[in-house]
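In order, the protein sequence lines correspond to chains B and V. One point on numbering: in this note's numbering, the residue at position 473 of the first sequence is 473, and numbering is uninterrupted. One point on numbering: in this note's numbering, the residue at position 6 of the second sequence is 6, and numbering is uninterrupted.
Read the hints as simulated data drawn from the structure, not as lab findings. Every clue listed holds true.
Now the stretches of chain B that chain V is said to cover, found in silico as 3 or more residues with beta-carbon under 8 Å:
| id | region |
| --- | --- |
| 1 | 270 to 278 |
| 2 | 303 to 312 |
In silico lysine-lysine, DSS-like type, Cα no more than 25 Å apart, as pairs:
| id | chain 1 | residue 1 | chain 2 | residue 2 |
| --- | --- | --- | --- | --- |
| 3 | V | Lys3 | V | Lys129 |
| 4 | V | Lys129 | V | Lys24 |
| 5 | V | Lys67 | B | Lys249 |
| 6 | V | Lys67 | V | Lys98 |
| 7 | V | Lys98 | B | Lys305 |
| 8 | V | Lys3 | V | Lys49 |
| 9 | V | Lys98 | V | Lys16 |
| 10 | B | Lys305 | V | Lys16 |
| 11 | V | Lys98 | B | Lys249 |
| 12 | V | Lys3 | V | Lys87 |
| 13 | B | Lys381 | B | Lys420 |
| 14 | B | Lys305 | V | Lys67 |
| 15 | V | Lys24 | V | Lys3 |
| 16 | V | Lys67 | V | Lys129 |
| 17 | V | Lys16 | V | Lys49 |
We put the CB at the ideal spot given by N, CA and C, even for glycine.
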Amino acid sequence: MMRVGSADLARHVDSLGPWVALGILGLVLGLGARSTLLVVGNSAWVEHSHQVIEALDELALDVSVTMSARRGFSLTGDSDQLARYSTATRDLRSATRRVRALTSDNPGQQRRLDGLEPLLEKTIVRRDAVITYRRAHGFQPDREAQATREGTSAYDELVLRMGDFAAEERRLLVERERRTAESVLRTEVSEGIGAGLSVTLMATVIVRLRREGRRRKRSEDTVRESEKAIKVLNEDLERRVGERTAELKMTNAELESFSYSVVHDLRAPLRGMGGFAEILLSEHQDSFSADAQDCLREIHRNAAKMATLIDALVSMSRVMRSAFGRTRVDLSALARVVASQLAAVEGRPSVDLVVQESLRADVDPALARTLFEVLLGNAWKFTAQTESARIEIGDTEVDGERVLFVRDNGAGFDMAHAEKLFAPFGRLHTDGEFQGLGIGLATARRIIQRHSGRIWADGQVGRGAAVYFTLCPRAAGRLI
Amino acid sequence: MNKVLLLVEDNLSDEKLTVRAFKKSGVSNEIVVVRDGAEALDYLFGTGKFEGRDTTALPTVMLLDLKLPRIDGLEVLRRVRADERTKCLPVVILTASKEHEDVARGYSLGANAYVRKPVDFSEFAEAAKTVGLFWLLLNEPPPKSTGAS
Numbered sequence: 001m002m003r004v005g006s007a008d009l010a011r012h013v014d015s016l017g018p019w020v021a022l023g024i025l026g027l028v029l030g031l032g033a034r035s036t037l038l039v040v041g042n043s044a045w046v047e048h049s050h051q052v053i054e055a056l057d058e059l060a061l062d063v064s065v066t067m068s069a070r071r072g073f074s075l076t077g078d079s080d081q082l083a084r085y086s087t088a089t090r091d092l093r094s095a096t097r098r099v100r101a102l103t104s105d106n107p108g109q110q111r112r113l114d115g116l117e118p119l120l121e122k123t124i125v126r127r128d129a130v131i132t133y134r135r136a137h138g139f140q141p142d143r144e145a146q147a148t149r150e151g152t153s154a155y156d157e158l159v160l161r162m163g164d165f166a167a168e169e170r171r172l173l174v175e176r177e178r179r180t181a182e183s184v185l186r187t188e189v190s191e192g193i194g195a196g197l198s199v200t201l202m203a204t205v206i207v208r209l210r211r212e213g214r215r216r217k218r219s220e221d222t223v224r225e226s227e228k229a230i231k232v233l234n235e236d237l238e239r240r241v242g243e244r245t246a247e248l249k250m251t252n253a254e255l256e257s258f259s260y261s262v263v264h265d266l267r268a269p270l271r272g273m274g275g276f277a278e279i280l281l282s283e284h285q286d287s288f289s290a291d292a293q294d295c296l297r298e299i300h301r302n303a304a305k306m307a308t309l310i311d312a313l314v315s316m317s318r319v320m321r322s323a324f325g326r327t328r329v330d331l332s333a334l335a336r337v338v339a340s341q342l343a344a345v346e347g348r349p350s351v352d353l354v355v356q357e358s359l360r361a362d363v364d365p366a367l368a369r370t371l372f373e374v375l376l377g378n379a380w381k382f383t384a385q386t387e388s389a390r391i392e393i394g395d396t397e398v399d400g401e402r403v404l405f406v407r408d409n410g411a412g413f414d415m416a417h418a419e420k421l422f423a424p425f426g427r428l429h430t431d432g433e434f435q436g437l438g439i440g441l442a443t444a445r446r447i448i449q450r451h452s453g454r455i456w457a458d459g460q461v462g463r464g465a466a467v468y469f470t471l472c473p474r475a476a477g478r479l480i
Numbered sequence: 001m002n003k004v005l006l007l008v009e010d011n012l013s014d015e016k017l018t019v020r021a022f023k024k025s026g027v028s029n030e031i032v033v034v035r036d037g038a039e040a041l042d043y044l045f046g047t048g049k050f051e052g053r054d055t056t057a058l059p060t061v062m063l064l065d066l067k068l069p070r071i072d073g074l075e076v077l078r079r080v081r082a083d084e085r086t087k088c089l090p091v092v093i094l095t096a097s098k099e100h101e102d103v104a105r106g107y108s109l110g111a112n113a114y115v116r117k118p119v120d121f122s123e124f125a126e127a128a129k130t131v132g133l134f135w136l137l138l139n140e141p142p143p144k145s146t147g148a149s
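With these hints in hand, go ahead and build the complete structure from the sequences.
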C-alpha cells in the first residue's frame, strides 16, 4: 500500500510539476512586466519634477531680471533697460503659467502657487508703478531708496515662497527617484527570478526528456527481447510440429509397408498350403483314404479363410489410411446404387427397399460408399431367411441431432451383446446361421470415426436390427 | 517356332504352382524362371549370368511379380520399357497385391495386363490357363524387327 501511495504521489508530481513551474514562471514574468511599466511611469514622473524645477528656476531668474532691469532704468533712464524689463515681465508671466500647468496634478503645489501668484503680480504692478513715476519725474534718490526698501521686503517673501515651492518639488523628485529605483530593483529581481526559474524549468525538462528517452529505450529493448523469445518459441514449435509430422509420416509409411507385406508375404505361403493340398486332392485322390481327404479339404478351407481374413484386415486398415476429403454426396442415390449391386450379386429381388429421398451429407465419397456396402450388405445378409424382407434407409432426429439409420426386419440380435458388434471379428452368429468375418461393422465404425461421428445399433432377436450413425461432430450437427 | 515364357518369381512354392498350373492347362511351352529383378534384366539384355544369350530371341510374354529381391518388379518394367530392344515385350504383372496404387503404377509404366494371384489353386490354375492361352495362342506378338531396331 505504501509503495502504491508513494508511487501515486510521484505520478502526481510528475504530471503536475511542470504545469506548476510554468504557472510560477508566468506569474514572475507578469510581475516583471508590471515593474517595468512602473519604472517607465516613475521615470516619467521624475522627468516631470525636473521640468517643474526648471520652470521654477526660470521663474526665479525672470523675477531677478525684472528687478535688475527696473533698477537699471531707474538709475539710468536707458530705454534698453525698459525693453529688457518688458521682455522679462512677459517671460515671468509665461513662466508662471507654465508652472501652473505643470503642477496641475498636484493640489498642494497649486495651493502654494495660489499664494505665490498674487505676490508676483503685486511685485510687477509695484515695479510698473515705479517705472511710470521715474518716467514722469526723473531720477529721485529718495524715491528710489524707498522703492528698493519696499521691493526688498516683497522680494524676500517672494523668494521664501518660491523656495518653499521648489523645496516641495525637490522632495517630490527625491521621492519619485526613490520609487523609480525601487521599481528598477523589483524588475531586476523579477527578471532574475524568472531567468532562474526558466533555467531550472529547462533543466528539468531536459532531465525528464532524457529519463523518458532512457525509459522508452528500455521498454523497446524489453519488447525486442519478448519478440525474440516469441520467435524462438515459434521456431521451436514449428520444429516440433515438423518432427511430429515426420514421425507420423514415418509411422504411416511403416503401416503401409506392413500391410503390403501382410498381403504379399502372408498370402504366398497360404497359397502354397492351400494349393498343394488341393493338388493332392485333385491329382492324387486315389492315394488317400476318405478321412485323409477330409483333412486335406480342411487344410484347403482354412487357408482360403485365412486369405479372406487377411484381405478383410487390409481393407479395414486401408479405411484408416486412405486420403480423407468431404464433398456433398447424395446418400439416397448412393444407397440405391449399392443396393442394386447387392441385388445383382445376391439375386434376391423380393427385398423391399425403402430409401428416404434427398439424404445429403458432406462426407468422403469413397468411405461413404464402403459404409453403405457394409451396412446394406449386413441388412441383406440378415434378412436372407426373412419372409417379405424390408430394408429402410433414412434420417431422424435424436436429441436435436440428425441421425442416419439403416434398418431391417431380419434376424436381429441380442442387445446384451451389442458392444461386440463393432469389434473386429466380433460376431453374434455362427457360420452355420450366417456367413461372415465379423469385420464389416468394425470397418463401419472406423469410417464413422474418420468423420468424427458416432455409430450404435439397436435390435431384437427375430425382430430385426437398426444401425444409427452421425457423419460429423455433434457441435457441427450439419446434415442436409 | 519356339515360344518361351519368362517367369520372374522369387517364391519357390509360387513358381511350382504357376508352372503346374500352366502344365495342367495344356501349356507346353518352355518356361524360363528367374529369381529376381536383376536376373530378369540379365536374361533380357544378355548380361551377367546370361552373358552371350541371343537377345533378339525375346520371350513371348514376361510374367512379372512385383515384390522381388534386389530390383523390384516395377523397376524391371521401367527399364524394359526404356530399352529399344524390349520396349514392345508383352509384360503381364502377376502378383499378390491388389493395392490400387500398384495397379495404377503398373499400367502407367506400360504393363500389358495385371493379374492377381488367387490363393485358391483351382482359381489360380484357371487364371494361368487364360493368360497362357491368350498370350501364347491368341495374341499376335510384335514383329521381330520392331523389337530389334
